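Trainee: Sequence:
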Amino acid sequence: MNKAQNREELIFIIIMVAAMVTWGYSWTSAKILGPYGDVSVKLFLRFFLASIALIPILLKYKVPFVINKKGFQYILVNALALCSYNYFYFRSTHMGLAGAGGVLVTTLNPILTSTVVFCFIDRSVTLKDLLGLTIGFVGGGIIIRFWEMDLDLMVQSGNIFYILASLSWVSVTITSQKSKDSIHFLAYSFWSFVIAAIVSFLFCNWSNIVYTINYDWTFWINILILSIVVMSFANTMYFFASSKIGAVRASSFIFVVPLTAIIFSKIFLNEQILLTTLIGGCLSIIAVYTINRKNE
874 MNKAQNREEL IFIIIMVAAM VTWGYSWTSA KILGPYGDVS VKLFLRFFLA SIALIPILLK
934 YKVPFVINKK GFQYILVNAL ALCSYNYFYF RSTHMGLAGA GGVLVTTLNP ILTSTVVFCF
994 IDRSVTLKDL LGLTIGFVGG GIIIRFWEMD LDLMVQSGNI FYILASLSWV SVTITSQKSK
1054 DSIHFLAYSF WSFVIAAIVS FLFCNWSNIV YTINYDWTFW INILILSIVV MSFANTMYFF
1114 ASSKIGAVRA SSFIFVVPLT AIIFSKIFLN EQILLTTLIG GCLSIIAVYT INRKNE
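Whatever position you read off the sequence shown (first residue = 1), add 873 for our numbering.
Don't take each hint at face value.
Label pairs and their in silico Cβ distance ranges [to be verified]:
1) V1083 with W1020: 19 to 27 Å
2) A891 with K935: 41 to 49 Å
3) I1086 with D1025: 48 to 56 Å
4) I930 with D1089: 24 to 32 Å
5) L1075 with T999: 43 to 51 Å
Restricting the straight-line Cα-Cα distance to at most 25 Å, the calculated cross-link-like pairs of lysine-lysine (PhoX-like) are [unchecked claim]:
6) K876 with K943
7) K1139 with K1053
8) K942 with K1139
9) K876 with K1051
It is worth saying that the hints were derived from the structure and are not from the lab. No experiment lies behind these values; they were computed from the predicted model shown. All residues carry an ideal CB built from backbone N, CA and C; glycine is no exception.
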């Protein structure tokens, strides 16, 4: 690899890490937004504002808005998966701890993605992969304190929604990887957000959307962060990474999120940091590293 390629790789890594740091804050932001109105309204505003923010970027880089049939199929699947993920994301943070959710979901994401890829797409599983997956599931179990759990407690604690959010994100990652030959990643992001906004709008009461004008600056700052910074910037970079380096490697960047999620939740929400969250998070990060470590 020459110097130019090294520099390009370094810039790419820095941008991806920055994107993941914003994901870390997003869990705190979603928790702050919990008391403000219906989940469907927050979903609609998030997708709508994110799609608007992408228009100048598409125009600047002269990315065509026109999509083909195959590209639309990927976009539709991605949009529905995004709706599912964001619904469980808001529900889980409203009920559970933002820091713990940021650790659990973002470490389960690459582990579940790898599991699906190894089981249904690329069956060439190595001992290293199996070891990583085992460590990852143990780590996730420790985070949710599985020894204390029954179904009612899983729902009350929000843990069931964290797990459902992770499962939804698997579709986002794999679909984004498969879309790379059919559509430009910026157009892919834009139309995914547009369709997700339309789907979310179908579940909204118009008067509830209008009422958001009366919300204070805390709501608008956080919804703009979640829409423009996290979704337009961070999610689009993630879609790009999935198409550029593959679903499994792209998901490995998520290991940056757990620590930042805990830090932000402590600073802004003063949440208690549980020892089980730290232990489980560390095990899950080790699992992601193990899965993505190149064979000797």
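Trainee: Could you run down the list of hints and mark each one as holding or not?
Mentor: Hint check:
At roughly 47 Å, the beta-carbon separation of V1083 and W1020 lies outside the given 19 to 27 Å, and the hint is violated. Separation of A891 from K935 is about 25 Å and departs from the stated range, judged on CB atoms against 41 to 49 Å. A hinted range of 48 to 56 Å is violated for the C-beta pair I1086 and D1025, which are about 38 Å apart. For the pair I930 and D1089, the supplied restraint of 24 to 32 Å holds, since their beta-carbon distance comes to about 29 Å.
A hinted range of 43 to 51 Å holds for the C-beta pair L1075 and T999, which are about 44 Å apart. At most 25 Å may separate the alpha-carbon atoms for a hinted pair to count; K876 and K943 exceed this at roughly 37 Å. Of the pairs offered as hints, the one joining K1139 and K1053 is violated, with about 38 Å between alpha carbons and a cut-off of 25 Å exceeded. Straight-line distance between C-alpha atoms of K942 and K1139 comes to about 46 Å, which puts the hinted pair past the 25 Å bound.
Using a Cα cut-off of 25 Å, the hinted pair K876 and K1051 is violated, with the two alpha carbons roughly 30 Å apart.
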